[in-house]
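Residue 66 in the UniProt record's numbering sits at position 66 of the sequence shown, with consecutive numbering throughout.
What the hints contain is simulated information worked out from the structure, not anything from laboratory work. Take the hints with a grain of salt, since some may be wrong.
[To be verified] Taking lysine-lysine and the DSBU-like style, the derived pairs with C-alpha atoms no more than 35 Å apart in a straight line are:
no., residue 1, residue 2
1, Lys-12, Lys-29
2, Lys-17, Lys-41
3, Lys-52, Lys-29
4, Lys-29, Lys-46
5, Lys-41, Lys-52
6, Lys-17, Lys-52
7, Lys-12, Lys-41
8, Lys-13, Lys-52
9, Lys-13, Lys-29
10, Lys-46, Lys-13
11, Lys-12, Lys-52
12, Lys-45, Lys-13
13, Lys-41, Lys-13
14, Lys-17, Lys-45
15, Lys-45, Lys-12
16, Lys-29, Lys-45
17, Lys-46, Lys-17
18, Lys-12, Lys-46
Since this is a predicted model, take the numbers as computed values, not measurements.
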Amino acid sequence: MIEITCNDRLGKKVRVKCNEDDTVGDLKKLVAALTGTRADKIILKKWYTIFKDHITLADYEIHDGMNLELYYQ
1 MIEITCNDRL
11 GKKVRVKCNE
21 DDTVGDLKKL
31 VAALTGTRAD
41 KIILKKWYTI
51 FKDHITLADY
61 EIHDGMNLEL
71 YYQ
């Protein structure tokens, strides 16, 4: 299990535990459950890379302790 921190820079900082073989869509569902926001309104980024829902975290090389940027659409 890995732990990922998602920060929206507006006061919400969420720590999520998931597996490396989970998809980004699964991660969005976990973040949505913790923040109270719908999963389809969440965008996860790292710098200028927008993560797509169907690709796994291992393919994006997202490891334990990484910080992701959390945006809303």
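Now for the hints, and whether the structure bears them out:
{"no.": "1", "hint": "Lys-12 <-> Lys-29", "result": "16 Å, holds"}
{"no.": "2", "hint": "Lys-17 <-> Lys-41", "result": "20 Å, holds"}
{"no.": "3", "hint": "Lys-52 <-> Lys-29", "result": "13 Å, holds"}
{"no.": "4", "hint": "Lys-29 <-> Lys-46", "result": "18 Å, holds"}
{"no.": "5", "hint": "Lys-41 <-> Lys-52", "result": "13 Å, holds"}
{"no.": "6", "hint": "Lys-17 <-> Lys-52", "result": "19 Å, holds"}
{"no.": "7", "hint": "Lys-12 <-> Lys-41", "result": "15 Å, holds"}
{"no.": "8", "hint": "Lys-13 <-> Lys-52", "result": "21 Å, holds"}
{"no.": "9", "hint": "Lys-13 <-> Lys-29", "result": "15 Å, holds"}
{"no.": "10", "hint": "Lys-46 <-> Lys-13", "result": "15 Å, holds"}
{"no.": "11", "hint": "Lys-12 <-> Lys-52", "result": "22 Å, holds"}
{"no.": "12", "hint": "Lys-45 <-> Lys-13", "result": "14 Å, holds"}
{"no.": "13", "hint": "Lys-41 <-> Lys-13", "result": "17 Å, holds"}
{"no.": "14", "hint": "Lys-17 <-> Lys-45", "result": "18 Å, holds"}
{"no.": "15", "hint": "Lys-45 <-> Lys-12", "result": "15 Å, holds"}
{"no.": "16", "hint": "Lys-29 <-> Lys-45", "result": "15 Å, holds"}
{"no.": "17", "hint": "Lys-46 <-> Lys-17", "result": "18 Å, holds"}
{"no.": "18", "hint": "Lys-12 <-> Lys-46", "result": "17 Å, holds"}
Comparing the model with each earlier hint shows no violations; every hint is respected.
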